[in-house]
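*Asks:* Mapped onto this note's numbering, the consecutive letters of the sequence shown carry residue numbers 17 to 454.
For lysine to any residue, the following SDA-like pairs were computed, each having C-alpha atoms within a straight-line distance of at most 20 Å:
(1) LYS440 with SER406
(2) LYS440 with ALA138
(3) LYS440 with GLN145
What follows is a set of in silico ranges between Cβ atoms, one per label pair, in the way DEER data are often shown:
(4) ARG188 with ASP379: 41 to 47 Å
(5) VAL202 with ASP273: 20 to 26 Å
(6) ASP379 with GLY143: 46 to 52 Å
(7) ASP379 with ALA437: 49 to 55 Å
Since the hints were made in silico from the structure, they are not lab data. Glycine is no exception: its CB is placed at the ideal position from the N, C-alpha and C atoms.
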Amino acid sequence: MATRHLGILALVVLLASVPVFGDASPGERERALEERIESLERMVQRLLDERGEAHAEDEAVRGEMEQLRQELAALEERDAEKTPSGTEFNFTGFIKHDMMYSRYSAGSVPPNSILRDFHVPAAIPVGGQTSATDFDTHIRETRFIFDVQRLEDDLQAYLEFDFSAGTGGDERLTNTTSPNIRHAFVRWNDLLAGQTWTTFFNVGALPENVDFIGPAEGTIFVRQAQLRYTNGPWQFALENPETTVTPFGGGARIVTDTASIPDLVARYNHDADWGQFSVAALGRQLGIDGVNGPDRETSFALSLSGRFDVGQNDIRWMVSGGPGIGRYLGLNTANEAVLDADGRLDTIDAYGGFLSYRHLWNDRWRSNFTLSAFRADNDTDLTGMNVTKSAESAHANLIYQATPQLRFGLEYQHARREIEAGLKGNMNRLQFATIYAF
17 MATRHLGILA
27 LVVLLASVPV
37 FGDASPGERE
47 RALEERIESL
57 ERMVQRLLDE
67 RGEAHAEDEA
77 VRGEMEQLRQ
87 ELAALEERDA
97 EKTPSGTEFN
107 FTGFIKHDMM
117 YSRYSAGSVP
127 PNSILRDFHV
137 PAAIPVGGQT
147 SATDFDTHIR
157 ETRFIFDVQR
167 LEDDLQAYLE
177 FDFSAGTGGD
187 ERLTNTTSPN
197 IRHAFVRWND
207 LLAGQTWTTF
217 FNVGALPENV
227 DFIGPAEGTI
237 FVRQAQLRYT
247 NGPWQFALEN
257 PETTVTPFGG
267 GARIVTDTAS
277 IPDLVARYNH
287 DADWGQFSVA
297 ALGRQLGIDG
307 VNGPDRETSF
317 ALSLSGRFDV
327 GQNDIRWMVS
337 GGPGIGRYLG
347 LNTANEAVLD
357 ADGRLDTIDA
367 YGGFLSYRHL
377 WNDRWRSNFT
387 LSAFRADNDT
397 DLTGMNVTKS
407 AESAHANLIY
417 QATPQLRFGL
427 EYQHARREIE
437 AGLKGNMNRL
447 QFATIYAF
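Between the sequences and the hints, there should be enough to build the whole structure, so can you do that?
*Replies:* So this is what it looks like as structure tokens:
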């Protein structure tokens, strides 16, 4: 037995004396030291259990262990000098691959149309006499996120990219596409400055869809530069102004960028055991510098949204509208205003909403069923008959969570658009996606 004890003790001392530094990085040295300490502790405990008492050799080993702990602390201190105390760096995101088979009832869709990537209500062709089918596959929704937080100061810097609606390259050879900035902001305590989701949009109410957006007709969906202040459940923001206008009699959209004050947003959020609720108000100045001089018009809009939890399932919803809501709703399906014969702005009333039910079949399978709708109250004497009158869509999907990071989704989507002239068109799309989050 004594020989066995001496053998174990010799192995302990040998482990304590083996060098672990070499050319290893600081992180590798720390891990090696920690592993040596754990091995020594296990062996010493084994000696104590078998012999029932501590000997001088044990004390020597404990001294060696204490020296290792001091070396580990010194390494951690040197690393802390390189990284500010309390600062966290995170790189996350996901890779998403989409495959889509689409059928359009009233005409073909150009290869460079954004409708070939995801559902955009105003892009659905209407009035055509022949149908068209397309198969598309891409990785444009792939996303990269850089997040830096200094916890001691409640300070955060956030940067997020994707490739949706990207330009550059083609599908002949390399299928390249340029990145787009989604979010870029700094947050300090309750103050946020930079580009992110408009405060008018309750992101938490958006359903889980395989499509990039899903209920595009009925949702608020804008990212823009802003200055936001949050105080408990209240949020207030000054945001980038932009006005989109329909010419008198119809025609290509006019983007004016002539507002003299920012868009003003106030929002109240309520979280409860049953889910969450949000109400947001938007006040804007619409503007244009026309041939008869500048014109300004005031616009107001409201958005109510929320989520009701039903056991482990939930119901998500949103209702929004108002005169001049324009680009904030339905991916700018309707403009904020139309010009009259004198070149003056006349606001366009528009309303939309969605309702979605999320059901968990078990811990790996889940589904989402969504309905979405949009309506515009156009003055056809001003807008003409070729503007969108209504749009609707229905979505049903099945999502398989293979691992915490990997999931697969299959979704069927039916979407429809009608213009004031009575011409209609619909899109039926089957989409399969593979998503790996990291």
